[in-house]
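K.L.:
Sequence:
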Amino acid sequence: MHKHRCRRFVSRHTAWYGTVALVFAFLSPGLSIAIAGQVSDPPLYTCLADSETASEIAGIQLCTAEQTATLVNRAETDNLQMRLGALVSRVETAGIGATAGLIGGDVIYRIGGNDVAEAGAAAEQLDMIGTSADTVVNFLRKGRPYRIKLRR
Numbered sequence: 008m009h010k011h012r013c014r015r016f017v018s019r020h021t022a023w024y025g026t027v028a029l030v031f032a033f034l035s036p037g038l039s040i041a042i043a044g045q046v047s048d049p050p051l052y053t054c055l056a057d058s059e060t061a062s063e064i065a066g067i068q069l070c071t072a073e074q075t076a077t078l079v080n081r082a083e084t085d086n087l088q089m090r091l092g093a094l095v096s097r098v099e100t101a102g103i104g105a106t107a108g109l110i111g112g113d114v115i116y117r118i119g120g121n122d123v124a125e126a127g128a129a130a131e132q133l134d135m136i137g138t139s140a141d142t143v144v145n146f147l148r149k150g151r152p153y154r155i156k157l158r159r
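Residue numbers for the sequence shown follow the working numbering, beginning at 8 and rising by one.
It is worth saying that the hints were derived from the structure and are not from the lab.
Please note: incorrect hints may appear among the correct ones.
Stated by the list, open to error - Just the calculated beta-carbon pair ranges, DEER-fashion:
id: 1; residue 1: THR84; residue 2: THR106; range: 31 to 41 angstroms
id: 2; residue 1: GLU99; residue 2: ARG151; range: 20 to 30 angstroms
id: 3; residue 1: MET135; residue 2: ASP85; range: 32 to 42 angstroms
id: 4; residue 1: THR77; residue 2: MET135; range: 31 to 41 angstroms
Where is the CB? At the ideal position from N, CA and C, for every residue including glycine.
Please work from the sequences and hints to get the whole structure.
P.N.:
Here's what the structure looks like:
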């Protein structure tokens, strides 16, 4: 029986590195554009003047959220939600808000099933969070809805 040997133009080792290099070359420009896009995205909400308040229980600083032109322009095309609510401007690292995952820029629009349209109402509702049951908090992050549960 005759054994047939097939000669390769390149070794398996060289082919593997070439494939990895090509994949990296094609993906790296898109990756750098995506990362740059995340860093430079303009905010969707800003603080309404003189509306700062705090929730000591949740450990967050709030202000009444005001929609920006960026949100209005992108809402329909990017399927972003536009809601009234309280913008989280600062989160204490040791507070229950931070533990649950709230970050600056989130817009809280419902607490315990009650819609909140401004920072004062949100702080009031957050300060009523109990120790025996979870309180559901609905919020927007970058225009997308999320839900967390808070408890003292």
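K.L.:
Taking the hints in turn, state whether each one holds.
P.N.:
Hint-by-hint comparison with the structure:
Separated by about 35 angstroms at the C-beta atoms, THR84 and THR106 satisfy the suggested range of 31 to 41 angstroms. In this structure the supplied range 20 to 30 angstroms holds for GLU99 paired with ARG151, their Cβ-Cβ distance being about 24 angstroms. At roughly 34 angstroms, the beta carbons of MET135 and ASP85 sit within the given window of 32 to 42 angstroms. Restraint check, THR77 to MET135: a C-beta distance of roughly 33 angstroms satisfies the suggested window 31 to 41 angstroms.
Going down the numbered hints, you'll see the structure goes against none, and every one checks out.
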